[in-house]
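Numbering-wise, the sequence shown is residues 4 to 251 according to our numbering.
Hints in this document: simulated from the structure, not taken from any laboratory.
Some hints here could point you the wrong way.
Okay, derived cross-link-like pairs now, DMTMM-like style, lysine to aspartate or glutamate, Cα gap no bigger than 20 Å in a straight line [unchecked claim]:
(1) Lys92 - Glu138
(2) Lys62 - Glu97
(3) Lys62 - Glu106
(4) Lys62 - Glu109
(5) Lys62 - Glu129
(6) Lys92 - Glu106
(7) Lys62 - Asp136
(8) Lys105 - Glu88
(9) Lys62 - Glu138
(10) Lys92 - Asp42
(11) Lys62 - Glu88
(12) Lys92 - Glu51
(13) Lys62 - Asp42
(14) Lys62 - Glu46
(15) Lys67 - Glu88
(16) Lys67 - Glu51
(17) Lys105 - Glu138
(18) Lys105 - Glu63
(19) Lys92 - Glu52
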Amino acid sequence: MRNMPFRFRQHIAYRQAQNTVLVAFLAVTILSVIQLGYDLHRERHQVEETISTMIGMVKESAAKAAFDLRRDLADSVMNGLFLYEPIRKAQLYEENHLLAGKERPERPGRFRWLAELAFGRKQETEVIPLMSDEETPRHIGDLLVTVDSYLLATNFFRRMRIVIINDFIRNVVLSGALLSIFYASTTRPLIEIMRRLSSVEINQPGKALLPILASHRDDEFGELIRAINLLLTRLGESLTQYRETQQE
Numbered sequence: 004m005r006n007m008p009f010r011f012r013q014h015i016a017y018r019q020a021q022n023t024v025l026v027a028f029l030a031v032t033i034l035s036v037i038q039l040g041y042d043l044h045r046e047r048h049q050v051e052e053t054i055s056t057m058i059g060m061v062k063e064s065a066a067k068a069a070f071d072l073r074r075d076l077a078d079s080v081m082n083g084l085f086l087y088e089p090i091r092k093a094q095l096y097e098e099n100h101l102l103a104g105k106e107r108p109e110r111p112g113r114f115r116w117l118a119e120l121a122f123g124r125k126q127e128t129e130v131i132p133l134m135s136d137e138e139t140p141r142h143i144g145d146l147l148v149t150v151d152s153y154l155l156a157t158n159f160f161r162r163m164r165i166v167i168i169n170d171f172i173r174n175v176v177l178s179g180a181l182l183s184i185f186y187a188s189t190t191r192p193l194i195e196i197m198r199r200l201s202s203v204e205i206n207q208p209g210k211a212l213l214p215i216l217a218s219h220r221d222d223e224f225g226e227l228i229r230a231i232n233l234l235l236t237r238l239g240e241s242l243t244q245y246r247e248t249q250q251e
C-alpha cells in the first residue's frame, strides 16, 4: 500500500481545515467590517469635535487680531491651527483684506478617492465669522479653515491596514494549527488503519486483528476498528469452516 494514496488536497484533514477556516474567515471578515464601520464613524465624530475645539480656542484671538489689525497675533493663530495635521489651509480676513494665511503642500496619494468616500469631499473649507466684543457686536472678519480629507484618512487607513494584516496572519496561523490537529486526529489514524488492513494475510484474517489506540478507544475510530476486527474474525471463521468442509 502506498503511504500517500491520494493528493494532499484530497485529505479529509485538509478539507476539514479548509471548511473551518472558510467559516472563520467569513465570520472574522463580517466582524472586521462592522468594527471598521464603527471606527470610521467614531473617527469622523472625533475629527469634527477636534476641529471645533481648536477653532473655539483660537476664535477669540483671531477676532482680536482682526479688530486690532495685529499680524503677529494673526500669525500665532495660524501656527496654532496648523498643529493639527489634517488642516491644510487657514486664512484670517479683516473685512475683505487678508491679514494672515498659511498653507501646507498637498500630500500626494493613490487612495484619495477612498479618503473622499470615507470622509467626504476632498477639501472642505469652513468659514467662521468673527464678531467684535462691543456692546453691539459687528462683523469684523472671517476665519477660513480648509481640511483635507486625505490627511484625515491617513491615520485611519494605517490602522485599517494593520487590522487586515493581523486578520490575514491570524487566518494563516489558524489554518496551519487546524490542519495539524485534523491530520493528527483524523488522517493519520485512517492511514494507519489502511496500512494494517493492507498487511492482513488473506488466508488467516482472524489472526491479524487491529489494535485499538488508547486515544481512540471510545470514539468513532475505536468503533470502526472493532467492526473491522469483528469482520476479520468472522471471515477467518468462515474460511476455517470452508476448509473443514473441503477436507470432509
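Cross-check of the supplied hints:
| no. | hint | in the structure |
| --- | --- | --- |
| 1 | Lys92 - Glu138 | violated (32 Å) |
| 2 | Lys62 - Glu97 | holds (13 Å) |
| 3 | Lys62 - Glu106 | holds (18 Å) |
| 4 | Lys62 - Glu109 | violated (25 Å) |
| 5 | Lys62 - Glu129 | holds (13 Å) |
| 6 | Lys92 - Glu106 | holds (4 Å) |
| 7 | Lys62 - Asp136 | holds (12 Å) |
| 8 | Lys105 - Glu88 | holds (13 Å) |
| 9 | Lys62 - Glu138 | holds (18 Å) |
| 10 | Lys92 - Asp42 | violated (26 Å) |
| 11 | Lys62 - Glu88 | holds (18 Å) |
| 12 | Lys92 - Glu51 | holds (16 Å) |
| 13 | Lys62 - Asp42 | violated (30 Å) |
| 14 | Lys62 - Glu46 | violated (24 Å) |
| 15 | Lys67 - Glu88 | violated (25 Å) |
| 16 | Lys67 - Glu51 | violated (25 Å) |
| 17 | Lys105 - Glu138 | violated (32 Å) |
| 18 | Lys105 - Glu63 | holds (18 Å) |
| 19 | Lys92 - Glu52 | holds (18 Å) |
Checked against the numbered hints given earlier, this structure breaks hints 1, 4, 10, 13, 14, 15, 16, 17; the rest are met.
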